[in-house]
Amino acid sequence: MLRPLSFLAALGLALVAGCSGAVDAEPEAAPRAILNAPPGGSANVSRNLLPLLRRMSLAPATVAHSGVRRVEQYWTVDDQPRELRYREQVASDGAGRFAIDATELIAPVASPQQAALFLVLQKAREGFVQRYRDFAVRDVDGFVRNYSIIDTGALVTVAGRPCNEYIVQRIVGESVRYQIAVDTQTALVLRTRQESSSGALLSLVEFESLDLAPNHSNVVWHQPLTDERKLPTDPALARAQLGFQPRLPRTDGGLFLLQSATSVEAPDPRGTGTLMWAKHTLTDGVEVVFFLHGGPDTAPGRDDIVRVAPSVGPWNTAEGSLHGELYTAMGRVEVEELLDLLEAAL
Amino acid sequence: MNSNSLCDRLRSAWLDAAPAPTDGAGLAEELRAHLAGCAACQRALRAWPLAARALGELPRHSAPRELDSAVVAAIQAGARTDRAVRALERLARLTPPEQLAEALENPASGEARDEAAPMSRASAPRVLDRLVSEELSDPAKARVRRHVGGLRRLSAPAQLTTLVEQRTRNERARSAAAAALRVEVRRRLRMALGAAAAFALVAIALLVERPERPNEPKQRPFRVERASSLASLSPMTRGMLDNLSSGLTQAQRD
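Just so you know, the sequences run in chain order A and B.
Position one of the first sequence corresponds to residue 1 (our numbering), numbered consecutively onward.
Position one of the second sequence corresponds to residue 1 (our numbering), numbered consecutively onward.
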């Protein structure tokens with residue numbers, strides 16, 4: 001019975017030999033980013049892509065500037081639409097120091113006290129805002145591997161500055177799409193329009209004014225508020241700092257690259273006291289994923305369970321207890337990719 | 001009696017008396033008186049001995065043995081015998097052409113007139129050698145061939161025509177049936193191969209593990225639950241989300 005079946009299988013294999021379609025093909029060695037212009041766009045399409053991407057990745061920290069940005073967010077939180085619009089004053093000394101101060105709450109309509117509270121809380125979030133909120137080229141190699149960038153050919157003016165417009169989109173999976181305006185001189189991203197995979201507007205961040213020769217005498221630069229410490233690469237030292245051996249998902253050949261590793265102290269979710277967490281920040285070139293390992297679970301269940309929380313705008317979260325240890329994965333990516341990272345860490 | 005008849009009679013009488021000397025001494029008085037006034041007979045009487053001498057100098061060939069039986073067979077065949085006899089009679093009455101007599105009388109090389117120069121020999125055409133050879137190699141076959149060529153031709157009977165047509169139709173019908181059978185066999189073979197290939201593909205599709213469709217949940221080494229609200233998240237996670245959303249999650253809780 002098996003012989004005819006195996007023969008037919010061999011015949012079928014011979015017939016379909018050469019067909020492509022492997023799901024797990026290795027990514028191509030050559031950059032996959034595309035830089036081209038639509039038929040009616042600019043004829044200047046011979047610009048070198050990589051230097052532009054490198055300049056874009058360094059500009060926020062290396063280009064001294066100040067200005068006012070308008071921020072608009074249109075997110076769905078717990079299946080409820082939420083709108084947030086405000087203005088913020090930004091500053092960068094070009095040497096790594098930065099400051100972001102929310103100056104005006106436009107929407108939702110709030111009382112003066114609520115508005116003032118919002119402005120204060122935003123100051124406390126300026127680290128998150130600077131590093132994770134907006135579009136940025138966080139890793140050039142990852143960007144080239146996972147994203148496409150298309151020059152629309154349009155020359156737009158943002159904050160009085162001439163900018164080239166691009167469309168950036170992830171190659172793998174359904175993801176958000178970015179329409180960015182890049183300053184032709186400084187490579188600063190002066191406008192970012194973020195859309196969901198269905199085309200719905202998620203956020204808009206746009207400079208309304210820009211000063212490239214700013215006076216930073218009155219700027220209060222960002223000071224870290226969290227007790228994050230860099231995690232040693234040496235496993236023994238990392239274990240000593242955390243109190244447990246940190247686990248990291250396998251990232252070789254995958255979408256994500258390790259950007260930073262720190263230890264964070266946070267309240268214990270199971271009781272009083274605090275827990276040390278290993279926080280690994282991963283990036284696919286644009287998006288950020290936080291992979292947190294909290295060490296042994298003080299009250300482990302019988303089964304390995306991961307709970308997926310409702311999305312917060314483009315952000316998804318998955319946390320659970322696996323093999324008696326606590327894990328959390330959070331990022332502006334699909335839930336399945338978060339679950340893949342958790343599974344890869346086991 | 002005309003002059004030609006006289007010449008013929010006298011020449012014939014002279015031939016009958018030959019090979020007597022021709023110096024005129026032994027001739028009858030009539031022949032002598034005729035020769036005195038007939039230049040043609042004079043030339044003929046001078047040429048005939050020369051021709052006889054030239055013929056005598058020709059190479060002699062023995063007649064093949066088959067010639068005897070062939071001659072007998074030809075004589076025994078009725079009409080052939082008469083033709084052969086008549087042919088032989090004609091040969092006896094032929095006079096040498098004037099040119100031959102003149103050539104013998106006036107040799108081109110200037111030699112003595114009474115000396116007969118050897119006659120220039122012309123080769124017989126080769127086809128004659130072949131025909132004679134065929135005739136002598138198989139006389140019966142040659143005789144049959146000549147006989148059949150003289151037979152009266154008869155028309156084929158109507159039944160033969162009908163039989164040939166019928167057999168031709170039957171042969172064509174058999175050929176057409178065989179060709180149709182070959183076409184049908186090829187068609188069925190193609191169908192069978194196509195069915196086998198389709199079956200193989202289906203079998204492979206069933207045997208080979210299919211990759212998961214995007215909409216189907218991937219099998220995990222852990223159970224995945226969907227939380228109904230953000231409140232089920234740990235404080236650290238809620239805090240991070242609050243920062244990332246610029247307080248939207250906090251506003252929702254409030």
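Hint data in this document are derived by calculation from the structure and do not stem from the laboratory.
Keep in mind the model is a prediction, meaning the values are calculated, not measured.
A few of these clues could be false.
Beta-carbon label-pair distances, calculated as ranges [what the hints assert, rightly or not]:
(1) B:Ala227 to A:Phe244: 41 to 51 Å
(2) B:Ala198 to A:Phe244: 11 to 21 Å
(3) B:Glu216 to A:His323: 19 to 29 Å
Below 20 Å or equal to it, Euclidean Cα-Cα: the simulated EDC-like pairs (lysine to aspartate or glutamate) are [to be verified]:
(4) A:Lys123 to A:Asp93
(5) A:Lys123 to A:Asp134
(6) A:Lys123 to A:Asp234
(7) B:Lys218 to A:Asp304
(8) A:Lys123 to A:Asp141
(9) A:Lys123 to A:Glu206
(10) B:Lys218 to A:Glu104
(11) B:Lys141 to B:Glu57
(12) B:Lys141 to B:Glu29
(13) A:Lys230 to A:Glu206
(14) B:Lys218 to A:Asp303
(15) B:Lys218 to A:Glu334
(16) B:Lys218 to A:Asp134
(17) A:Lys230 to A:Asp211
(18) B:Lys218 to A:Asp340
(19) A:Lys123 to A:Glu228
(20) B:Lys141 to B:Asp129
The beta carbon of each residue, even a glycine, is placed where N, CA and C say it ideally should be.
Comparing the hints with the structure gives:
1. B:Ala227 to A:Phe244: 41 to 51 Å: Since alanine 227 of chain B and phenylalanine 244 of chain A have Cβ atoms about 25 Å apart, the given range 41 to 51 Å is violated.
2. B:Ala198 to A:Phe244: 11 to 21 Å: The hinted range 11 to 21 Å is violated for alanine 198 of chain B and phenylalanine 244 of chain A, with Cβ atoms some 57 Å apart.
3. B:Glu216 to A:His323: 19 to 29 Å: With a Cβ separation near 25 Å, glutamate 216 of chain B and histidine 323 of chain A satisfy 19 to 29 Å, so the hint holds.
4. A:Lys123 to A:Asp93: Distance of about 18 Å is within 20 Å: holds.
5. A:Lys123 to A:Asp134: holds, 16 Å
6. A:Lys123 to A:Asp234: Distance of about 34 Å is beyond 20 Å: violated.
7. B:Lys218 to A:Asp304: Distance ~16 Å between lysine 218 of chain B and aspartate 304 of chain A Cα, so the pair holds.
8. A:Lys123 to A:Asp141: Given that 20 Å is the threshold and the Cα spacing comes to 32 Å, the pair is violated.
9. A:Lys123 to A:Glu206: Between lysine 123 of chain A and glutamate 206 of chain A the Cα gap is close to 19 Å, so the pair holds against 20 Å.
10. B:Lys218 to A:Glu104: Outside the cut-off at roughly 45 Å; violated.
11. B:Lys141 to B:Glu57: It is violated: about 36 Å lies between the C-alpha atoms, which goes past 20 Å.
12. B:Lys141 to B:Glu29: It is violated: about 57 Å lies between the C-alpha atoms, which goes past 20 Å.
13. A:Lys230 to A:Glu206: violated, 32 Å
14. B:Lys218 to A:Asp303: The hint holds at about 18 Å.
15. B:Lys218 to A:Glu334: Within the cut-off at roughly 13 Å; holds.
16. B:Lys218 to A:Asp134: violated, 31 Å
17. A:Lys230 to A:Asp211: Distance ~34 Å between lysine 230 of chain A and aspartate 211 of chain A Cα, so the pair is violated.
18. B:Lys218 to A:Asp340: Holds: lysine 218 of chain B and aspartate 340 of chain A sit about 9 Å apart, inside 20 Å.
19. A:Lys123 to A:Glu228: holds, 18 Å
20. B:Lys141 to B:Asp129: holds, 17 Å
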